[in-house]
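J.: Hints in hand, dock the two standalone chains.
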Amino acid sequence: MRAIDLAEQVPTVHKETTGAEAARIVAEFRLNGLVVADDSGVPIAVIPGSQLLSVVLPQYVRDDPHLAHAYDEQAADDLCAKLTTVTLGDLIDAKRLTPAQLPQVEPDATVVEIVSAMSKLHYPLIVVADQARFHGVVTMSRVLAAIAQAAGQDSDLIRRRLDKDIIDRGRSGYLSEAGGDTARGAGEDAR
Amino acid sequence: MTLAAWLAVAVFASAYILIATEKLNRAAVALGGAAAMVAIGATRGHAMFFSEETGIDWNVIFLLFGMMIIVGILKETGVFEFLAIWSAQRAQARPFRMMVMLILITAVASALLDNVTTVLLVAPVTLLLCDRMALPPVPFLLAEAMASNIGGTATLIGDPPNIIIASRAGLSFNDFVVNLAPIVVVLLAVFIGLAWLLWGRRLAHDPERSSAVMALTPRETITNAALLRRMSLILALVLLGFVTHAVTHIEPSVIALLGAGAAILVSRLEPDTYLEDVEWETLLFFAGLFVMVGSLVHQGVIEQLARSVTSLIDGNYHVAAQGILVGSAVLSGIVDNIPYVATMSPLVHGLVGPAAGLPPEEASLWWALALGADLGGNATAIGASANVVVCGIAKRNGHPISFWEFTKYGLIVTAVTILCTVPYVTLRYF
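Protein chains in written order, with the working numbering: chain A, 1 to 191; chain B, 192 to 621.
You may find that some hints are simply not true.
What the hints assert, rightly or not - Restraint ranges, calculated between C-beta atoms of paired labels, are given here:
1. B:A606 with A:L79: 37 to 45 Å
2. A:V112 with B:V229: 45 to 53 Å
3. B:V229 with A:I147: 52 to 60 Å
4. A:A150 with B:T212: 53 to 61 Å
5. B:L215 with A:Q153: 32 to 40 Å
6. B:F594 with A:P65: 28 to 36 Å
7. B:L549 with A:A68: 51 to 59 Å
8. B:R420 with A:S54: 27 to 35 Å
9. B:A547 with A:L57: 50 to 58 Å
10. A:V56 with B:A204: 46 to 54 Å
What the hints assert, rightly or not - As a list, the in silico BS3-like pairs of lysine-lysine whose alpha-carbon atoms are at most 30 Å apart:
11. A:K82 with B:K214
12. B:K214 with A:K95
13. A:K95 with A:K15
14. A:K95 with B:K599
15. A:K164 with A:K120
16. B:K586 with A:K95
17. A:K15 with B:K214
18. B:K599 with B:K586
To be verified - Not close to chain B: a few residues of chain A, all C-beta gaps over 12 Å, as computed:
19. K15
20. A23
21. N32
22. S40
23. I44
24. L53
25. Q59
26. L67
27. C80
28. V115
29. M118
30. K120
31. L121
32. R133
33. Q153
Keep in mind the hints are simulated off the structure, nothing from the lab.
Glycine included, each C-beta is placed from N, C-alpha and C at the ideal position.
Only chain B is shown next, with the shape it has when bound in the complex (with noise of 0.2 Å):
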């Protein structure tokens, strides 16, 4: 290798210390790391700027900030809250059928939409129904922030990673629907059963307490009820148009931006409002890593890596597919899921290429990637962005939670979901 590529190597794994340990800003450390990479000479603008393989994914980026404007316009509706108490009252208030409604809400909508933006919406409207049937909010703030992993997990837009994996992979909304959603459902039904068993069967039920949720007014929480309707038929426009990839050929990036734009002219609202709900930090945090991986690709190391990684399997796809599943699974807990992901991506398209006509053996690394990395998320505090913004709202309301107690039930959770999908990818790519 080259001493720009060794410099590349030393930048790189500086900043990725930096980022695990979350001892400064993550996008400081990302954009810092980008401009080191600039300064070292391993990467330069045109490879930055107009390379998906170097540089900036801008597929990624621009996905994720027109989801975040729909979520954050559809936010002004009150659905979410209205959702969860409506939900909570179909249980009639018993504390475990409320804690598998919850389950099942923030799973489905962390499919449809982000992790994040579900979690920001279901954990406050929980807090109050706990805090009105005097039940602890931990256990179900726990629950929450796993089942939005496992749910996220189950389509392109559910989860950041998979956002990555598409772009480079070359897979559609589609294909995650078809190779994910199935072992989804299964892992679904297992967490319910695991959530009895960690949190469920000790809440206990009180009648009276229980009729001071029935006595909630769900409706009330829908502020602007003609905005919902509209926004109801951008967003199913816009899974249309994702789920309608192979015909129309039109990028998720592309349809995202004109869902974005269709909401913004319906809901005629001031652009501080859903610019707010934009993550910038997340974007710039995302922009900054893929200058750094890009840097990589550009000097040739994850070409090496590849090639080293591939006399290792031997054409043995079986072993590399499991060791994939559950080493992401593992670092994926100790690290972010999207750096992993980000750096792990071109390693995967250098030991197979792009997904598009792969045989099934070779496209499971890409799948036990995707699997691996958002259930490996569930680990620890730390593992997936939810957790970390699940942990922040429970702190802020005084009920804090610590790292080992979410790692606590995290690490249970995970163990027994990638259990469960080491036989799925045997039986349904080998």
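Chain A on its own, in the form it takes in the complex (with noise of 0.2 Å):
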């Protein structure tokens, strides 16, 4: 399998989205990652999930992680409430938040090169990309389905993830109701 044929589309986020509601896309795409994306909806960035985790966490909490335990429901309730006043942009301004380019590989990159690029940078996720148009990304989820399927650990699930994109999990139910503004698919403007 070629990057062209294991590229799908994921959802994405802009700068102008809130901490709440990047969790919520998170949480229901069952994301590792979140690509932000440009205004037409090119991905620009990504960031780690790690990371997302790591911003309900004031930095003195990270700083002293001994302070966590201090911590009772209602102020853990506090913290929470936070994001949703707070967005993506101001988190990255902050340097809360470090999102790092993209790496890319051609459409005509093999597995191998695939997981080569993964590894060499710690990244769920890769653009497959040429000089004239954008294609989609590569999930570490569907990169490894490719991989079993080859190494003959095939099944209905391993299948399904090869024909459904990421997207397609949210198509029913968030972004019907979200109208598909704050979480678009990767690509899909560009294609």
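T.: Here it is in structure tokens:
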């Protein structure tokens, strides 16, 4: 399989997306990273899932993890509530989120090339694009599904993972309710 | 002076300027300066590594190293977080009372540990308390940085300049407690009054917000009670070792290393955990600095300088002590007090020699140096390492403290504390 065959559409967020919305998108689509797109929907950066978890924590708790034990339930809820008032752009400006440029492979890249690029950069996502256009994103779960299938570990779930894009998980639910505004598919506009 | 001596002075002055301007990493500058001293022939291997006077003072390096490991392991227990939250609750979460409690905790902890570690531990919990009470954290952080510099003045291990002075002058832990702790207690009382005038009177109390602090659960921060008990015993034994130095004659560095070894054994922590808190950069900075200053000693520059100053003083130690006190306070505000004291200690040694057996008026020069350098560190944001650390934590948490904001308050605190110290030196030693 080539990168073009594995490329899929994933939900994207923008700098204006609030922390709470980002958390909801990650939960609804079971993502392990968030793709930040520009106004035309083309992915420009990725935020690993581990960073998203840590935005709930104030910097001082990250500096001193013992303080996490001092919070009672109400104080913990207060912390989570703050995510409704802060956008990803705010968090990026405050350097609490440090999105990185998405690594990129050519459409004809092999599975080995994709895995090599992902493991070198510790990224769960990689962009498939050539000079002419953006084709989509290869996710870690889809590339592992392809590897499992090639290794003879085929199943209905594996085939479904290879056939259906992550964005389809939310088509009948989240996207229809949200109007697809905050969680457009990466590359839908560019295709 | 010889050509090598003049070259050594040029290397030293260049390195000092680079350290003071903070254009380059200070450890890199100190080590680069040390290498340059070797290159110009100002020092040699034996003088660098096997002489306290002309090379690296291993007592200072290993005392710092041992204490860093002890604190690194003690930190894992969560006791500092417990103390800070508990004290805020004891103060009924009233802003100024809370500030006073945090000042006292920081000052006492700084006397027993080191300033940088203390503020590293107290600042995050202060941010938590202020966040819960919707209070501006900057006044609290400024007060803590200054309290750590004042509290650290009281003991041999409280502030890195004191460790250098103790080693060069042959002063014991008890000498520091007897000579400096009394004035530090007075200065802390004065500082609390200043804190009220500078910040406390403007801090508003909101009972609803205070209840958010009262709801915090400090006991939960103690994550390893068994380790805390063991570490309390080890820390007590280490302090006992320092206090009984006159009887046992065991060097403070050896006591700290024994304590560190015992702490490693009882904690059973992975080396990565406790070595994480060793500030290798600081230790290398000290090593490079000692080689540079040692080269000046080796070349006779310090001796010549001491002779000139001796003729200038002409036996008037009272004026000399007050001059060192005020001059050190001013210069420590401009450059980090560690390189300042590393340079001044050999000079004072040249003037009066080791402190043991000196009449009080001559020994006063050593105490004036310690008081001036330690208290002068409060003057500016770069005057002491604790200030730099606090400003860094504040910035990372979205509450930047500008150089001038720190200095505005720092100059007042330094001026008042030095003014209180001038009569103390006169009354105590003359």
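J.: Run every hint past the structure and note whether it holds.
T.: Consistency of the hints with the structure:
1. The given range of 37 to 45 Å is respected by A606 (chain B) and L79 (chain A), whose C-beta atoms sit roughly 41 Å from each other.
2. Taking the beta carbon of each, V112 (chain A) and V229 (chain B) are about 51 Å apart, inside 45 to 53 Å as hinted.
3. Here the CB-CB span from V229 (chain B) to I147 (chain A) is close to 57 Å, well matched to the stated 52 to 60 Å.
4. At about 60 Å, the beta-carbon gap between A150 (chain A) and T212 (chain B) stays in the expected band of 53 to 61 Å.
5. Here the CB-CB span from L215 (chain B) to Q153 (chain A) is close to 55 Å, at odds with the stated 32 to 40 Å.
6. The beta-carbon spacing between F594 (chain B) and P65 (chain A), approximately 31 Å, falls within the hinted interval of 28 to 36 Å.
7. Checked against the hint of 51 to 59 Å, the pair L549 (chain B) and A68 (chain A) passes, with Cβ atoms roughly 52 Å apart.
8. One distance hint, 27 to 35 Å for the beta-carbon pair R420 (chain B) and S54 (chain A), holds here, with the actual separation near 32 Å.
9. A C-beta distance of roughly 52 Å is found between A547 (chain B) and L57 (chain A), which places it inside the suggested range of 50 to 58 Å.
10. A hinted range of 46 to 54 Å holds for the C-beta pair V56 (chain A) and A204 (chain B), which are about 51 Å apart.
11. Among the hinted pairs, K82 (chain A) with K214 (chain B) is inconsistent with the structure: their alpha-carbon atoms are about 39 Å apart, more than 30 Å.
12. Only pairs whose Cα atoms come within 30 Å are accepted, and K214 (chain B) paired with K95 (chain A) is accepted, the gap being roughly 24 Å.
13. The straight-line distance between the Cα atoms of K95 (chain A) and K15 (chain A) is roughly 13 Å, inside the 30 Å bound, and the hint therefore holds.
14. With a C-alpha separation of about 28 Å, the suggested pair K95 (chain A) and K599 (chain B) falls inside the 30 Å cut-off, and the hint holds.
15. A hinted pair counts as satisfied when its Cα atoms are at most 30 Å apart, and K164 (chain A) with K120 (chain A) qualifies at roughly 27 Å.
16. Annotation: proposed proximity of K586 (chain B) to K95 (chain A) holds, straight-line Cα distance about 11 Å (limit 30 Å).
17. Annotation: proposed proximity of K15 (chain A) to K214 (chain B) is violated, straight-line Cα distance about 35 Å (limit 30 Å).
18. Distance restraint check for K599 (chain B) and K586 (chain B): the Cα-Cα separation of roughly 18 Å lies within the 30 Å cut-off, and the hinted pair is therefore satisfied.
19. At roughly 18 Å from the closest C-beta of chain B, the C-beta of K15 (chain A) stays outside 12 Å, upholding its exclusion from the interface.
20. In this structure A23 (chain A) is separated from chain B by more than 12 Å, as the shortest Cβ-Cβ distance comes to about 20 Å.
21. With a least CB separation of 27 Å from chain B, N32 (chain A) remains clear of the 12 Å interface cut-off, as annotated.
22. S40 (chain A), annotated as away from the interface, keeps every beta carbon of chain B farther than 12 Å; the closest lies near 32 Å.
23. With a closest Cβ-Cβ approach of about 25 Å to chain B, I44 (chain A) is found to remain outside the 12 Å limit, as its non-interface label requires.
24. Listed as outside the interface, L53 (chain A) is consistent with that label: its C-beta sits roughly 19 Å from the nearest C-beta of chain B, beyond the 12 Å cut-off.
25. Here Q59 (chain A) does not stay apart from chain B, with its beta-carbon only about 5 Å from theirs, under the 12 Å limit.
26. With a least beta-carbon separation of about 5 Å from chain B, L67 (chain A) fails to lie farther than 12 Å from that chain, contradicting its non-interface assignment.
27. A cut-off of 12 Å between C-beta atoms confirms that C80 (chain A) is not in contact with chain B; the least separation is 14 Å.
28. With a least beta-carbon separation of about 29 Å from chain B, V115 (chain A) lies farther than 12 Å from that chain, consistent with its non-interface assignment.
29. At the 12 Å boundary, the C-beta of M118 (chain A) stays outside the reach of chain B, the nearest C-beta of that chain being 27 Å off.
30. With a cut of 12 Å on Cβ distances, K120 (chain A) stays outside the contact zone with chain B, its closest approach being about 24 Å.
31. Non-interface call for L121 (chain A) relative to chain B: holds, since the shortest CB-CB distance, roughly 24 Å, exceeds 12 Å.
32. The beta carbon of R133 (chain A) is kept farther than 12 Å from every beta carbon of chain B, the shortest such distance being approximately 40 Å.
33. Every Cβ of chain B is farther than 12 Å from the Cβ of Q153 (chain A); the closest lies at roughly 37 Å, confirming the non-interface assignment.
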